[in-house]
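These protein sequence lines map, in sequence, to chains A and B.
Per our numbering, the very first residue in the first sequence carries number 210; after that it's consecutive.
Per our numbering, the very first residue in the second sequence carries number 7; after that it's consecutive.
Keep in mind that a hint or two might mislead.
One-sided and incomplete, this derived list gives chain B residues near chain A with beta-carbon spacing under 10 Å [stated by the list, open to error]: (1) Asp14; (2) Arg41; (3) Ile45; (4) Gly131; (5) Thr133.
Which residues of chain B face chain A? A few of them, derived with a C-beta cut under 10 Å, are [to be verified]: (6) Gly20; (7) Glu49; (8) Arg117.
Okay, the calculated beta carbon distance ranges per label pair [as the list claims (entries may be wrong)]: (9) Met232(A) with Pro36(B): 24 to 30 Å; (10) Ser251(A) with Glu73(B): 24 to 30 Å; (11) Ala288(A) with Leu140(B): 17 to 23 Å.
No wet-lab data here; the hints were simulated from the structure.
By construction, the Cβ of each residue, glycine as well, lies at the ideal position given by its N, Cα and C atoms.
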Amino acid sequence: MASVRIDDLCAEIEAEVYVQGDMSREVARAAVGDLLSFVMGSGAEGAAWITVQTHLNVAAVAVLKDIPIIIIASGRVPANDLTERCRVEGISLVGAKSSIFDICVKLGRLGLRG
Amino acid sequence: MEYEIAADDYMAAGAASNSIKEALKMLGVPTAISRRAAIITYEAEMNLVIHGGGGKIVANIDESSVELMTIDQGPGIPDVEKAVQEGFTTAGDRAREMGFGAGMGLPNIKRNADVFEIFTEVGAGTTLRTVINLP
Numbered sequence: 210m211a212s213v214r215i216d217d218l219c220a221e222i223e224a225e226v227y228v229q230g231d232m233s234r235e236v237a238r239a240a241v242g243d244l245l246s247f248v249m250g251s252g253a254e255g256a257a258w259i260t261v262q263t264h265l266n267v268a269a270v271a272v273l274k275d276i277p278i279i280i281i282a283s284g285r286v287p288a289n290d291l292t293e294r295c296r297v298e299g300i301s302l303v304g305a306k307s308s309i310f311d312i313c314v315k316l317g318r319l320g321l322r323g
Numbered sequence: 007m008e009y010e011i012a013a014d015d016y017m018a019a020g021a022a023s024n025s026i027k028e029a030l031k032m033l034g035v036p037t038a039i040s041r042r043a044a045i046i047t048y049e050a051e052m053n054l055v056i057h058g059g060g061g062k063i064v065a066n067i068d069e070s071s072v073e074l075m076t077i078d079q080g081p082g083i084p085d086v087e088k089a090v091q092e093g094f095t096t097a098g099d100r101a102r103e104m105g106f107g108a109g110m111g112l113p114n115i116k117r118n119a120d121v122f123e124i125f126t127e128v129g130a131g132t133t134l135r136t137v138i139n140l141p
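Taking the hints into account, I'd like the entire structure generated from these sequences.
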């Protein structure tokens with residue numbers, strides 16, 4: 210299982226960065242889901258999280274799971290309060306035009322695992 | 007510590023769980039345990055927002071344990087056994103669109119608690135009691 214720096218990961222998916230957390234932090238795993246409690250129950254701690262949810266509660270789940278980066282897929286734009294909360298919590302928040310599936314393919318090629 | 011949770015206030019969610027997590031951190035409780043308490047509190051908060059018609063969360067912390075109580079005067083739970091099954095939900099459309107209603111709330115709480123008790127009466131309300139033992 211490879212570890213990938215968050216800034217390298219962002220370059221790979223051509224992400225638009227809304228909030229820069231610790232971009233040199235490395236992630237080895239990723240979690241996908243739009244059901245918040247499902248991600249909270251089954252996602253790996255410290256994983257990158259890919260979702261199409263854009264509201265404030267996304268940050269609440271990320272904080273609880275020590276998720277360092279949230280990737281909003283399919284060109285969706287995060288709500289202002291989500292952006293603000295990620296800034297306060299030091300969580301990187303980025304958007305990508307690609308679908309969740311295409312993002313996963315790219316992250317899988319980088320060596321991330323679920 | 008006591009927190010009032012308002013019905014349908016989806017955007018306040020996480021406030022009580024953050025506060026409890028911070029308090030436990032200040033008391034020197036290991037991160038793995040404070041995270042369990044925070045997950046329980048977050049799911050309980052959302053249950054109050056979505057199902058309970060609001061209510062309160064009471065946290066009692068001593069040297070040996072963290073007790074988290076959730077009290078509401080909501081509709082009650084007709085079938086507790088079903089409610090604690092993974093995937094079972096009665097959340098409405100609005101909650102589901104926001105990604106709630108996975109049917110994982112009570113299962114997530116149960117998984118993170120050492121003691122898990124539900125006292126409920128249809129039409130009168132629900133009290134959830136959980137305890138996490140401290141090392």
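* Looking back at the numbered hints, which does the structure fail to meet, lowest number first? -> Of the numbered hints given earlier, those the structure breaks are 1, 4, 5 and 11, listed in rising order.
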